[in-house]
Amino acid sequence: MNSIVSRASPYLLLAPAAIIIFAITLYPIVDLFWIAFHATNYFQIGSFNGGANFLSLLNQSGMRSLGSTAIFVIASDVLALSLATFLALILEAPLRNRGLFRTIVMVPWLVSQVVTALLWQALLDPNFGPFAHFARAVFGMGFAPLGDETGALVSMIVANVWRSYPFALVLMLAALQSIPSEMYEAARLDGATRWQEFRHISVPMAGQTALVVLILLTFEYLTLVTIPFIMTSGGPNEATYLLSLRVWREAFTNYHFGFSAATGVVVFCINLLLALFYIRRFATKGGADVQR
Amino acid sequence: MFRDKAPSWAYFALLLTSFGAVAPLAWLFLLSLDPNQGVASTSGIYSLKNYASVLFQSMMGQYFLNTTIVALMTVFCTLSCATLGAYAASRYRFRGREPIMIGLLLASMTPVIAVLVPLYAMAAKLQLLNTYSILVIVFTAWQLPGTLWLIRSFMNSIPAELEEAALVDGCGRARAFFRIVLPQLVPGLVASGLIVFVYVWNEFIIAVSLSAKQDMRLVSVGLYFYLSDFGVEWGKIAAGAIISIIPPAMLFLFLQRQLIHGLSAGAVK
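As given, the protein sequences belong to chains A and B, one line each in that order. Counting along the first sequence from 1, when you hit position 16 you're at 16 in our numbering, and nothing is skipped either side. Quick note, our numbering runs 1000 ahead of the 1-based positions in the second sequence.
Check before you lean on any hint, since a few could be wrong.
Derived CB-CB ranges, DEER-like [claimed, not checked]:
#, chain 1, residue 1, chain 2, residue 2, range
1, A, Phe48, B, Ala1174, 48 to 56 Å
2, A, Ala135, B, Asp1004, 49 to 57 Å
3, B, Leu1167, A, Phe277, 29 to 37 Å
4, A, Ser61, B, Pro1159, 58 to 66 Å
5, B, Ser1008, A, Ala135, 37 to 45 Å
6, A, Asn59, B, Ser1133, 33 to 41 Å
7, B, Glu1161, A, Phe43, 54 to 62 Å
8, A, Ala135, B, Phe1012, 42 to 50 Å
9, A, Asn59, B, Phe1056, 45 to 53 Å
10, A, Glu182, B, Ser1018, 42 to 50 Å
No lab work stands behind these hints: they were computed from the structure. Yeah, the Cβ is synthetic: ideal placement off N, Cα and C, and Gly gets one too.
Bound-form chain A, shown alone:
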């Protein structure tokens, strides 16, 4: 009796966590696929309709969402990672007040997505925003980027990078700091230039971390909905109607649960591919290390 209890106990201890996670993430995913392949009318789930819901993505508006999502994710990735790497390289140098600078550049990390979106919406306001004020005073012209299709997408990318680069910076700084100083010293003795040091020491040594950061950022950007939701609500003219926002709006504004679920399936599958790649490449290795 006692041995049965002790053999079952690890499973019992894991049960609360497993049940909650199963009920709130795994079951809804199955449900999502179910809804995606059925006709829906508000909350009523009707008959199987093949891939008809997915056709909602194949029109002009759907294609535009895919395009703007790709631009948003890739541009944010590139900008956030390069800014973080650049700052990490400088913040490694022996500077006066280095600790202070490290703290100050991390400040946007504290700001939530809601406040970020509100803040940048105010900053870019054509009437009282400082940018508009500056444009009026210096060039004598108006400045209303959120009213312009390209301007709105660019503004959203800027706000997004502003909020998320500190996270990338922490990881890149840790990666760069773990490179032993001897490697740089040896390179210096051999007469390497700064660029050669970067290219042949920093890049290969911190490259793995950069890839991890890139994947984690892509996850976040791909499913980001708060910033477009508040800052532009998808406009103007659907220029910032990202896939993730489409999932939300199709369900909670248009009540097309089927269309929403189909778009959700697309987002989920892209994420799953990234996740599998990530786990195969990094996590299982780490998991093996942790085993006792």
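Here the structure of chain A is known, so what remains is to put chain B in place on it, guided by the hints.
Frame of chain A; chain B shown alone:
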């Protein structure tokens, strides 16, 4: 690359970035002090009127209370479920342990946006919309995988010998856990609890989807409705935003050392 010597332009680049990081928030603070609601860029008048009206003439007080309750309940549920699970995964050998841990990691990568529609339908069916419970359950599920992983690696770094000795001496598993493991786990629990609390405090899209009724909103949702309900009152929105940043900023400030200690101890292995 610059480890031995900073390039001459380093300070310039850092000052520029620091300005970019802080100036928008400083401007938001100025906006919040402007009683003319930011219609003119600089009216030159500063007052705390916006703060008074946000705190005393709006529902914000209620939203702060809602958020605090939901956040504390989520921290409690997440930490207790995660600690039990992490104890099993760290101290027992059993079939399927690693697949379960990888499964948890995979679950943590589920995009929120993909499950919101099914969750909304589920909550509606169970009549849990606009309640604290549904928010606590969903937030807990969302934070559990990462927290369990963190606490587990933290627990792995605590040597098991002391517990084994206690078990040999006839101490029960539960007692050994509470008397020996738990006290050593405190830094890890503080760090994880802080992460969960700040997550709930800043979360928006789950909260607005599942609990948007006027008296059941969280702070982030309240701020958003402030914008859509009273579009032009930017001074008040700015004041609300500044107030909402204070609690997480304070927590980070006070718990910084525990956070770094807790996270780095967990990451040793």
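Item to check | Hints breached by this structure | outcome: 2, 3, 5, 8 and 10
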